[in-house]
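**Student:** If you want the building blocks of each chain, they are given just below.
Protein chains: 2
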Amino acid sequence: MTGLRERQKADRTSRILAAASRLFRETGYGAIRIEDIAHAAEVSVGTLYNYFANKGDLLLAIVSMEVEEVLQAGKTVVANPPRDIGQALATLIGIYYDHSLHYLSKEMWRTAMAISIEAPGTPFSVRYTDLDASLARQVCALIRRLQALGYARADVDAEAVSQLVFNNLNQMFTEFVKQDAMPMDMLHAATARQNAPLADYLTPR
Amino acid sequence: MTGLRERQKADRTSRILAAASRLFRETGYGAIRIEDIAHAAEVSVGTLYNYFANKGDLLLAIVSMEVEEVLQAGKTVVANPPRDIGQALATLIGIYYDHSLHYLSKEMWRTAMAISIEAPGTPFSVRYTDLDASLARQVCALIRRLQALGYARADVDAEAVSQLVFNNLNQMFTEFVKQDAMPMDMLHAATARQNAPLADYLTPR
DNA sequence: GAAAAGAATTGAGTTCGTTCATTTTTGAAG
DNA sequence: CTTCAAAAATGAACGAACTCAATTCTTTTC
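Chains as they are written, first to last, in this note's numbering: chain E, 1 to 205; chain H, 1001 to 1205.
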């Protein structure tokens, strides 16, 4: 279980991830070469490729850790949501958005999104897509919870509405990272406005 | 105006585009080398780079032509929409979706989307983003038209709703091209279900 | 504890997108 | 018709991601 080989493997993995994470953030994904990461992690280029399918997969591994954190943070909102539907959505989405630039630059997000679309087969791309689906399910859980608490109309297709909300927040986040100049509060405001009609529709009369 | 130089330029541009379009579709974007395209278009590699900033820009040029066609086709629906809101949305979105695989493979779409996110600065990436915005405006025009005709409630934020609809259809299309196995009718069905709550909300009582 | 098996590491080599110094072509001026 | 300058074309050279045959390190077997 804890043979030398396994310990070395775990150690190398974390060294590579730490080096890549630091270098990508400091210098930018595009500007860092695989050789730089391998050097910083004290492994050879070939070894790095034994651990990660390609440069993009390495980035997605880092992004996945970030998304997992966000997913965890969202749980508290679902458990205890505000009574107002617009507020409830804004709170959950706010957690997603505000967390996003904590560890990752906009450039890193752009690259990660691009890779998850273009190379959907690599291990961490699959993982990333799974996590995205988990976020969508969390939005759905929130709406069902609001329905269960009587804060939202129960006769509405919760899945349809939550997919609408999630796809919208996802697309808005994509726009946000595409435009380096766009500030975070503009993202919040735009999403809130778009959700308002749905919140109105969901509110019991 | 029509000097030799200008004619040769236009001729080379169209030869390059034709060659790239055919080769990308036949063999796949990733499998085709710049040298192959240059050879098929009877220009040198360097010349190709005088006409297009990079391999991705060449693809986006092709995709842009496709989107322009779709945008044109959508105009007729906005001018004369079905009375039922769900129907109206499904008709417009149906035009977008059904056109999409006419000239482009899923792989080409994936790559184009990835590039427009990752490299938003190149000439055709800007063009592609503009066209996307035009599609969003067209969805908004449809909803305003439905309001003007009295088919939809006029006291609803048309812009917010249309952005919700557009971002959703865009994201759903992204899922569609990400999954090679997903059939077109599943895409139509999923989008229609997601739009149903909004259509209900918009319908005058 | 020696030896064989097999797992993992290594870095030089390959590939392909992109660049740029040089050459060729074009259009204008004399 | 020459000459010249500007525009455009060219392909060899470069850089970086990725591969793979050879080597080294672990573990297992007797």
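In case anyone wonders, no lab produced these hints; they're calculated from the structure. Hints should not be assumed to be uniformly reliable.
What the hints assert, rightly or not - Some chain H residues near chain E, calculated using beta-carbon distances under 7 Å:
#1 1002
#2 1110
#3 1113
#4 1154
#5 1156
#6 1163
#7 1178
#8 1199
To be verified - From chain H, some residues computed to sit far from chain E (all C-beta separations above 12 Å):
#9 1145
#10 1183
#11 1193
Stated by the list, open to error - With a Cα cut of at most 27 Å, we get these calculated DSSO-like pairs of lysine-lysine:
#12 E:106 to H:1075
#13 E:55 to E:106
#14 H:1178 to E:106
#15 H:1075 to H:1106
#16 E:9 to E:75
#17 H:1055 to E:178
#18 H:1055 to E:55
#19 E:55 to H:1106
#20 H:1075 to E:55
#21 H:1075 to H:1009
#22 H:1106 to E:178
#23 E:106 to E:75
#24 H:1106 to H:1055
#25 H:1178 to H:1106
#26 E:106 to E:178
#27 E:9 to E:106
#28 E:178 to H:1009
#29 H:1178 to H:1055
Backbone N, C-alpha and C define an ideal beta-carbon position, used for all residues, glycine too.
**Student:** Would residue 1145 of chain H pass as off the interface with chain E, using Cβ distances and a cut of 12 Å?
**Tutor:** Consistent with the label, residue 1145 of chain H stays out of reach of chain E, its closest Cβ about 18 Å off (over 12 Å).
**Student:** Would you check the hint for residue 1106 of chain H and residue 178 of chain E, treating anything up to 27 Å between C-alpha atoms as holding?
**Tutor:** Answer holds: residue 1106 of chain H to residue 178 of chain E is near 22 Å, not above 27 Å.
**Student:** Taking 7 Å as the limit, does the beta-carbon of residue 1163 of chain H come near enough to a beta-carbon in chain E?
**Tutor:** This interface hint holds because 5 Å falls under the 7 Å limit.
**Student:** Minimum Cβ distance from residue 1113 of chain H to chain E below 7 Å?
**Tutor:** holds, 5 Å
**Student:** Hint residue 1002 of chain H vs chain E: min CB-CB distance below 7 Å?
**Tutor:** Hint on residue 1002 of chain H: violated, closest Cβ of chain E at ~39 Å, above 7 Å.
**Student:** Quickly compare the C-alpha distance for residue 178 of chain E and residue 1009 of chain H to 27 Å and report which way the hint goes.
**Tutor:** Between residue 178 of chain E and residue 1009 of chain H the Cα gap is close to 33 Å, so the pair fails against 27 Å, i.e. violated.
**Student:** Next pair to validate is residue 1178 of chain H with residue 1106 of chain H; report whether the Cα-Cα distance is within 27 Å.
**Tutor:** holds, 7 Å
**Student:** Within 27 Å, alpha carbon to alpha carbon, are residue 106 of chain E and residue 178 of chain E?
**Tutor:** holds, 8 Å
**Student:** Next pair to validate is residue 9 of chain E with residue 75 of chain E; report whether the Cα-Cα distance is within 27 Å.
**Tutor:** This hinted pair is violated, its Cα atoms lying about 33 Å apart.
**Student:** Please verify whether residue 1178 of chain H and residue 1055 of chain H have alpha carbons no more than 27 Å apart.
**Tutor:** Since the Cα atoms of residue 1178 of chain H and residue 1055 of chain H sit roughly 21 Å apart, the hinted pair holds (cutoff 27 Å).
**Student:** Is the straight-line distance between the alpha-carbon of residue 1055 of chain H and that of residue 55 of chain E 27 Å or less?
**Tutor:** holds, 19 Å
**Student:** Against chain E, with CB atoms and a cut of 7 Å, does the hint on residue 1154 of chain H hold up?
**Tutor:** For residue 1154 of chain H, the interface hint is violated, since the closest Cβ of chain E sits about 13 Å away, which is over 7 Å.
The structure does not agree with the numbered hints 1, 4, 8, 11, 12, 16, 20, 21, 27 and 28 stated previously, though it agrees with the rest.
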